[in-house]
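2 protein chains.
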Amino acid sequence: MEIKDKSIAVFLDELASRQATPGGGSAAAIMGAQAAALISMVCNLTIGKPKYAEVEEEMQQVLIQAENLREQLLGMVKADVTVFDQLMACYGLLKNTDEEKTARSIKIQAALKEATLVPLECARACAETIDLSQIVAEKGNTGVISDAGVAVMAGYSALKSAALNVYINTGSIKDKAFVEEQLAELAQILEGAENKTNAIYQLIQTKVSA
Amino acid sequence: MEIKDKSIAVFLDELASRQATPGGGSAAAIMGAQAAALISMVCNLTIGKPKYAEVEEEMQQVLIQAENLREQLLGMVKADVTVFDQLMACYGLLKNTDEEKTARSIKIQAALKEATLVPLECARACAETIDLSQIVAEKGNTGVISDAGVAVMAGYSALKSAALNVYINTGSIKDKAFVEEQLAELAQILEGAENKTNAIYQLIQTKVSA
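Quick mapping for you: the protein sequence lines, in order, are chains S and A. For the first sequence, position 77 matches number 77 in the numbering used here, and the numbering has no gaps at all. For the second sequence, position 64 matches number 64 in the numbering used here, and the numbering has no gaps at all.
Be a bit skeptical, because a hint or two may be false.
What the hints assert, rightly or not - For the chain A half of the interface with chain S, some residues (derived, Cβ under 10 Å), not all of them:
| hint | residue |
| --- | --- |
| 1 | 6 |
| 2 | 35 |
| 3 | 90 |
| 4 | 146 |
What the hints assert, rightly or not - With a cut-off of at most 30 Å between alpha-carbon atoms, the simulated DSSO-like pairs for lysine-lysine come out as follows:
| hint | chain 1 | residue 1 | chain 2 | residue 2 |
| --- | --- | --- | --- | --- |
| 5 | S | 207 | S | 78 |
| 6 | A | 49 | S | 107 |
| 7 | A | 78 | S | 4 |
| 8 | S | 49 | A | 78 |
| 9 | A | 51 | S | 207 |
| 10 | A | 139 | S | 113 |
| 11 | S | 95 | S | 113 |
| 12 | S | 78 | A | 4 |
| 13 | S | 196 | A | 207 |
| 14 | A | 207 | S | 174 |
| 15 | S | 51 | A | 101 |
| 16 | S | 51 | A | 51 |
| 17 | S | 107 | S | 4 |
| 18 | A | 196 | A | 139 |
| 19 | S | 113 | A | 49 |
| 20 | A | 51 | S | 101 |
| 21 | A | 49 | S | 51 |
| 22 | A | 113 | S | 207 |
| 23 | A | 95 | A | 113 |
| 24 | A | 207 | A | 196 |
| 25 | A | 6 | S | 78 |
| 26 | A | 6 | S | 4 |
| 27 | A | 4 | S | 6 |
Simulated from the structure, these hints should not be mistaken for lab results. Glycine included, every Cβ here is placed at the ideal spot set by N, Cα and C.
So here's chain S without its partners, still in its complex pose:
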């Protein structure tokens, strides 16, 4: 059974267990998917309300983007487990002869690259949820603006979590050009995310306390 089809309680039991998967990578993707779902919720509770007719079209667009992100992020829950299991399988390969050692090392390096690209893609999607949170925080139904605040926090923590899952793999990759490229991209994704998140949160806190 895929993780997404398991109950929340069962998923949490498995997360807490001594099994290596599901782990932080899947948890990060689920937090990102929660961010996307909450953005959709704010859109759905804004669209169709006469008071928000002016932003209706924009909310429709945001809803489409948020639903795409949710689907992507939910897919990454599974992808994270797949690449991790692949990597573990490579570490388990025979290494008695020099030939076996070389073959094993090549496979490990390829698996590490895949295990880097999945959380990097997750980070990219999470950064997009932060941007969409800003739009719904500024223009969405103020009656559910706290949900936009939960969205931005979920997206931000998912982004920072995904980043750790990139770092943990790049450390073992020998292809330094590849590592440099991915870390540069991650740095670009992370740039300004904390300040942006804090600004959106601050805006929402002001609105809910008004």
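Use these hints to put chain A onto chain S, whose structure you have.
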């Protein structure tokens, strides 16, 4: 069916929908429960390893605390929906006569207080996950330290999310002494949480990049 027994995919569908519940409050509690589960995971993968024999007893203690927090937080997923529905039911009460208006207002005020105390309790539990994350980040199995990093981010975003759900209710409560007391407690819970989270994250980032 209780939310915790629904599949992750179904929960996210309901979160994204135009239904008011489940909303950000439940999402926050689930993020907090993910934080607790990840702390347990690190404990479970540290306990019993000869290399970590020195911290075995402490990890056993942290595991018990994390599992308690996970159970509490999972319970709050349901409690959040219950108090929200109660509040909505009170807003729906008749208000034709002065008597009805007074009775309705008293019930709304009582429901608002309950709707404040649930996220406040959630915030308290989430702050505890941050403290436990620090212990497992410093002393737990370094092979799964990125999971401690996801835990601290999940706990922090759940805390900040729960805070918004406190603010959104206190704004409508007339009993100013009650409001002051709860906000003072929340401020105490929040104090230093951001700096602590950043420090733990930084420690983990340094360890995974080493």
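To see whether the hints hold, each was checked on the structure:
The beta carbon of residue 6/A is positioned within 10 Å of a beta carbon in chain S (closest approach about 6 Å), and the interface hint is therefore held. With 10 Å as the threshold, the beta carbon of residue 35/A comes within range of chain S, its nearest partner Cβ sitting at about 9 Å, so the hint holds. The criterion of a C-beta within 10 Å of any C-beta in chain S is not met by residue 90/A, whose closest approach is roughly 16 Å, and the hint is violated. Taking 10 Å as the C-beta cut-off, the interface hint given for residue 146/A holds, the closest approach to chain S being about 4 Å.
Distance restraint check for residue 207/S and residue 78/S: the Cα-Cα separation of roughly 37 Å exceeds the 30 Å cut-off, and the hinted pair is therefore not satisfied. Our distance criterion of 30 Å between C-alpha atoms is met by residue 49/A and residue 107/S, whose separation comes to about 28 Å. At roughly 20 Å between alpha-carbon atoms, residue 78/A and residue 4/S fall within 30 Å of each other, so this suggested pair holds. Straight-line distance between C-alpha atoms of residue 49/S and residue 78/A comes to about 29 Å, which keeps the hinted pair within the 30 Å bound.
Simply put, residue 51/A and residue 207/S have alpha-carbon atoms about 51 Å apart, too far for the 30 Å limit, and the pair is violated. As the CA atoms of residue 139/A and residue 113/S are separated by approximately 29 Å, the hinted pair is consistent with the 30 Å bound. This hinted pair checks out: residue 95/S and residue 113/S have alpha carbons roughly 21 Å apart, not beyond 30 Å. Proximity of residue 78/S to residue 4/A is assessed by CA-CA distance (about 20 Å); at most 30 Å being required, the pair is judged to hold.
Taking the CA atoms of residue 196/S and residue 207/A, the gap is near 26 Å; set against the 30 Å cutoff, the hint holds. About 18 Å separates the Cα atoms of residue 207/A and residue 174/S, which keeps this hinted pair within 30 Å; it holds. Among the hinted pairs, residue 51/S with residue 101/A is consistent with the structure: their alpha-carbon atoms are about 27 Å apart, no more than 30 Å. Of the supplied pair hints, the one linking residue 51/S and residue 51/A is violated, its CA atoms being roughly 62 Å apart against a limit of 30 Å.
Our distance criterion of 30 Å between C-alpha atoms is met by residue 107/S and residue 4/S, whose separation comes to about 29 Å. Distance restraint check for residue 196/A and residue 139/A: the Cα-Cα separation of roughly 16 Å lies within the 30 Å cut-off, and the hinted pair is therefore satisfied. Restraint check: the Cα-Cα separation between residue 113/S and residue 49/A comes to about 29 Å, which is no more than 30 Å; the hinted pair holds. For the hint linking residue 51/A to residue 101/S, the alpha-carbon distance of about 27 Å falls within 30 Å, and the restraint holds.
Taken as a hint, the residue 49/A and residue 51/S pair is broken in the structure, with Cα atoms around 61 Å apart against an allowance of 30 Å. Under the criterion of a C-alpha separation no larger than 30 Å, the hint pairing residue 113/A with residue 207/S is consistent with the structure, at around 20 Å. In summary, the hint linking residue 95/A to residue 113/A is supported, as the alpha carbons are separated by about 21 Å, within the 30 Å threshold. A C-alpha spacing of about 17 Å is found between residue 207/A and residue 196/A, which places the hinted pair at or below 30 Å, so the restraint holds.
Only pairs whose Cα atoms come within 30 Å are accepted, and residue 6/A paired with residue 78/S is accepted, the gap being roughly 18 Å. Restraint check: the Cα-Cα separation between residue 6/A and residue 4/S comes to about 10 Å, which is no more than 30 Å; the hinted pair holds. For the given pair, residue 4/A sits about 10 Å from residue 6/S by alpha-carbon distance, which is consistent with the 30 Å threshold.
Hints 3, 5, 9, 16 and 21 from the list above are not met by this structure, while the remaining hints are.
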